[in-house]
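Fit chain to chain and form the complex, with the hints in mind.
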Amino acid sequence: MRPRRFIAPSAVPWLIGAAAYFFIPLIATFLFSLESNTTGKCCTLHSYGWVVHNGAFWHTIKISFLLSLETIAISLVIFVPTIYWVHLKVPKLRPVFAFMALVPFVVPPIVLVVGLLGLYKGTPSWFYAQPWGFLAAAYVILAFPYMFFSLDAGFRAIDVHTLTDASQSLGSSWPRTLLTVILPNIRAAALAGAFLALAIVMGEYTIASLSQFQTFPIFLQYTNETQAYPAAALTLLSFAITWAAMLSLLFVGRKRGARAGLMTGAR
Amino acid sequence: MAYLELRDLHRYFGDLRALDGVHVELEQGEFLSLLGPSGCGKTTALRLVAGFDRPDAGSIVVDGKDVTHTSPSKRDMGMVFQAYSLFPNMTAAQNVEFGLKIRGRHRTDRHKRVGELLELVGLGEAGNRYPHQLSGGMQQRVALARALAIEPRVLLLDEPLSALDAKVRVQLREEIRRIQLELGITTLYVTHDQEEALSISDHVAVMFGGRIEQMGSPAEMYSAPATPFVAEFIGTMNRLEATVVDGGSGAVEHGGVTLTLSAARGRQRGDRVLVLVRPETVELAAANGDAGANTLVGEVITQTFLGPVTRLKIVGVDADLIADVPTAKAAALPVGSRVNATLPAEGARLLELTDEPLPDIPEEPGPAGP
Chain A
0 MRPRRFIAPS AVPWLIGAAA YFFIPLIATF LFSLESNTTG KCCTLHSYGW VVHNGAFWHT
60 IKISFLLSLE TIAISLVIFV PTIYWVHLKV PKLRPVFAFM ALVPFVVPPI VLVVGLLGLY
120 KGTPSWFYAQ PWGFLAAAYV ILAFPYMFFS LDAGFRAIDV HTLTDASQSL GSSWPRTLLT
180 VILPNIRAAA LAGAFLALAI VMGEYTIASL SQFQTFPIFL QYTNETQAYP AAALTLLSFA
240 ITWAAMLSLL FVGRKRGARA GLMTGAR
Chain B
0 MAYLELRDLH RYFGDLRALD GVHVELEQGE FLSLLGPSGC GKTTALRLVA GFDRPDAGSI
60 VVDGKDVTHT SPSKRDMGMV FQAYSLFPNM TAAQNVEFGL KIRGRHRTDR HKRVGELLEL
120 VGLGEAGNRY PHQLSGGMQQ RVALARALAI EPRVLLLDEP LSALDAKVRV QLREEIRRIQ
180 LELGITTLYV THDQEEALSI SDHVAVMFGG RIEQMGSPAE MYSAPATPFV AEFIGTMNRL
240 EATVVDGGSG AVEHGGVTLT LSAARGRQRG DRVLVLVRPE TVELAAANGD AGANTLVGEV
300 ITQTFLGPVT RLKIVGVDAD LIADVPTAKA AALPVGSRVN ATLPAEGARL LELTDEPLPD
360 IPEEPGPAGP
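Those protein sequence lines, which keep their order, are chains A and B.
Sequential numbering from 0 applies to the first sequence in numbering that gives the first Met the number 0.
Sequential numbering from 0 applies to the second sequence in numbering that gives the first Met the number 0.
These are calculated hints, taken from the structure and not from any lab test.
Among these hints, one or two may not hold up.
DSSO-like mimics (lysine-lysine), calculated; alpha carbons at most 30 Å apart, straight line [to be verified]:
#	chain 1	residue 1	chain 2	residue 2
1	A	K88	B	K100
2	B	K328	B	K312
3	A	K88	B	K73
Chain A is faced by these chain B residues, among others (derived, beta-carbon under 8 Å) [unchecked claim]:
#	residue
4	F51
5	S72
6	G77
7	M78
8	A82
9	P87
10	N88
11	F97
12	I101
13	R102
From the three backbone atoms N, C-alpha and C, an ideal C-beta is built for every residue, glycine too.
Isolated chain B (complex conformation) (with noise of 0.2 Å):
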């Protein structure tokens, strides 16, 4: 049986279905990172799980025992908040110790333990400050002992970094990472950083609507998307609708160009599906009369420096690419040339295309303020 499991759960607001039949299971010691956009429900099945709001349905069983109904002061679940939470009126020290004071703890063994833990993430000397005298990344830092502290049988963080400048963030993932492989606690994570999920977890769960798209090891995730939400949403991806010629040799015809994928292999003649195809795995040259084999024909237009690889767009007669190449190449295929944009055989990954529309990603608000 799995040390937290959220089964089920259903919670609405008004019309409103904000998780919609949410299942997660997870041993004791991982670390899962609930990815997606503003308003997919990731922040809900959180705070169901801390105890801050009830399920319409559904259950939460954390080592075996129902704690659905259990109040949140009862569960013991360590939180940091995504807006700055420390007590105002307490020194980092006192923050920390609040827990302790709360479940009876020796004066002694308190103080000990918060020493303990302000040396674990780096503020041995910042127990006497309080709040307003610590930088946002020393708060979260700050929170992130007291939520320790109390020694939680799940460990919760709702975005705890979105309010923290780039460096800070990178740096503070990692330190919550090696705290979190250190201490061995069973932890969720919240996010829409799909890079920062990637980075730090053993599973990441992408959300959207409500309900959980796809859940896997970041690899998984991010090579084989099972779902063209999921494709768009974790890095990013060339969707091309083709349909299927020759499910023999894994023929698709794309804009009047045919395609060979091995992952079209089996598939019955005039499917409709959705070629995915990651950037890196396109491959551009300077367009030299006849195009090879699984090549798209077109000019760049855009060149977008991202330090070891150039990001180019492309339009074409046949298809609209996105396609990285190593930034010391890139000067071989200025904005306005002609390319040729070969796909991988073997790289492509391939989805049924349905009628629904593909989904818009709703952009993620800014950080909320303390």
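Bound conformation, chain A alone (with noise of 0.2 Å):
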């Protein structure tokens, strides 16, 4: 028996194509952070180490991975339920949602920021003058078409209404049914939902600078406008640090999946 191929031949020209467009500009961005601030001469990492030691740098980019978070969280409590619900009780409803989801696609970020300043004039301080308030509220909406694709994608591969059939019959009620039955088979919708809202989130620069809120995008722009070489080295401490909490995400999803004996081909 011949052994199995796990790459076609014909794809790998495509696969090396792919990687030089993913990786020559990191390439590229390495070697540029890696040339000193004062000579312009190769090599030094005193670019990282600015980057480290600069107290701007983790206090925005801990607000933006907090509120990354807090999108996440909010997001899956409010589009969870309603979106089981309205797979469960109101289909017809779901082209409208699927409509409305589409909405932060059409409405620029700088529109819609106008159009949340207005909204929330007059709400508290603590609401309007807060990252974890104003910019999650925002943040959520920019969410909204990430979220529900991938959460609607998750519910039309499951059985909805037998497993709530079955679970009610049993004596569950709807929250139990809701977190015990439903959530941890729509686990990979939800994770990948997630990603997206935190990629999202930690890219964000129109919304937040208009707010005039202190995030790391706008650390990272005013980083670009002053200090090329630290900016080069910021790019990529930034993506490094992007795809390490979206792999922690990923391994913490799997891990409980795996324990909860969610495997690939479960359904």
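Here you go:
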């Protein structure tokens, strides 16, 4: 029996092309970041030292990361029960939700922020003047399409009606059905939505800038305008941190999934 | 008072009358099958009993208590579904344990009960397997164990075997009956398979158009169908339209041939009747000379081998008939041969013939996938 090939030969050039498209800018940025900020000559880790010892870097990346987690948490709390209910009780409303989910794609962030600033004007300062209030609310809107389409695909992949009926006939309440039966079976979809929300919030500039909050993309932009070499190092570090955050989310999700027995092909 | 009562249930979906006055009474420990073609209302009735849907009129009473407006989670009804319904994120044992956890049973009790139930359904070794590691039949066994774990007041089964292959279906339906008798649990079973219903039930209710056409024991349903639909749906039936000629002797006329049937005695001359004759009661012989009493003449046009019997389709001048003959004798009546088909004087059943057209039985769709 011939050993099974993992990659078809015809796919190799395409993979090499894709890898080059992805890695060449990273390598170029890395090489640029190794040049000295004063002499412009290679090779020094001075720019990385500047980033790591910069308090503003840690402060802003912490804000952006916590905002990401807040956005993910709020989105899941709002959208999981809502989409579950739509699938279970009012499937006719699904196209309406799908249309609404497209709105954040259509409305540019600059228009969105002007509208939100007007809408939320007069709300308490703990909400309006804090990133955890105003920005999180805006980011939940931005994350809506990604969360909706990920979760919607997850709900479509399971037999929501039968699982719900089975759970209820055994005496389970609605919240218990959602938490113990439905949620574990849409975990992959929820994780996918969470990754996308994380990526969006970590890189969102327009709304944070116009509403005058100091988030990581604002710091990145400021560094880029003032110091070329540390900006390259900052770009790479932020890239690495975002990927590390995504991988840790994936790791946590997979670990729980494996413990609960949710494996590929479980359905 | 009956243990389970469905009192005059009505359910409408827009203009569609899904249930139109369904009334059922079932004693504790009895097994009732709701049998009918697709769209007859049998699953709607079951879902009303489970509490997943509410009737527009009528009530459901269990053990003297009206549960019509009780939520499904509080009804104590164990249910096995047509689609595979095990929770994919839980093992077989965890699935069975689910209802017991909700009821706050102690961990030791739970594990003991789960072990007993998995043994009962023949899956004592499969407790640690996930649903995707089980075959369809095994999944339905686990679903049955899960439904029984909560010691339900009524066990509801919604076509639980329809997604399984023929051999497993027969095996599992016998196990369902064995377990039901062993536990003495009141059971409502929905199926479109008449063989399944007749083989495992205490009572069968044939439904059509949202109504119960007839309810009775399997033997009654088979031997004494009350309506043309039941006659057609349960088993295979020859249907001959006839007119009563003499109520005293039981003579009826069909296509110019006079048949003498004891069921026609006492009828008024001129009454239009439907003569129902089971294929296995028709006697066939090669046509030699004159036909005797109660005999129709025809030609064999097809033979279908069914194992112990062979089914012959006969087209004649007088009528089209279906007859089952022992396979050993079928060779003597090949396709194309002329035969005398003698109808039984005693075994035939008569129904009033109305002007309503005889119902067509809609084809049952294939089983729903998971």
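Have a go at the S72 (chain B) hint: is there a Cβ in chain A nearer than 8 Å to its own Cβ? With a closest approach of 5 Å, the S72 (chain B) hint holds.
With chain A as the partner, please determine if F51 (chain B) meets the hint condition of a C-beta pair closer than 8 Å. Because about 6 Å separates F51 (chain B) from the closest Cβ in chain A, which is inside the 8 Å limit, the hint holds.
For the pair we were handed, K88 (chain A) and K100 (chain B), check the Cα-Cα distance against 30 Å. holds, 27 Å
Classify the hint on P87 (chain B) as holds or violated, based on whether any CB of chain A lies nearer than 8 Å to its CB. holds, 4 Å
Run the distance test for K328 (chain B) versus K312 (chain B): straight-line Cα separation, threshold 30 Å. Holds: K328 (chain B) and K312 (chain B) sit about 15 Å apart, inside 30 Å.
Can R102 (chain B) be said to touch chain A, with a Cβ gap under 8 Å? holds, 6 Å
Can we keep the M78 (chain B) interface hint, with Cβ of chain A closer than 8 Å? Since chain A brings a Cβ to about 4 Å from M78 (chain B), closer than 8 Å, the hint holds.
Taking the closest Cβ pair, is N88 (chain B) under 8 Å from chain A? Holds. Min distance 4 Å.
Interface hint outcome for I101 (chain B) [beta carbon to chain A under 8 Å]: It holds, given that the least Cβ distance between I101 (chain B) and chain A is near 4 Å, below 8 Å.
Tell me if the straight-line CA distance from K88 (chain A) to K73 (chain B) falls inside 30 Å. holds, 20 Å
May I ask you to test the interface hint for G77 (chain B) with respect to chain A, counting a Cβ-Cβ separation under 8 Å as satisfied? holds, 7 Å
Residue hint A82 (chain B), partner chain A, criterion CB-CB below 8 Å: Interface hint status for A82 (chain B): holds (5 Å vs cutoff 8 Å).
Consistency with the previously given hints is maintained throughout, with no hint failing.
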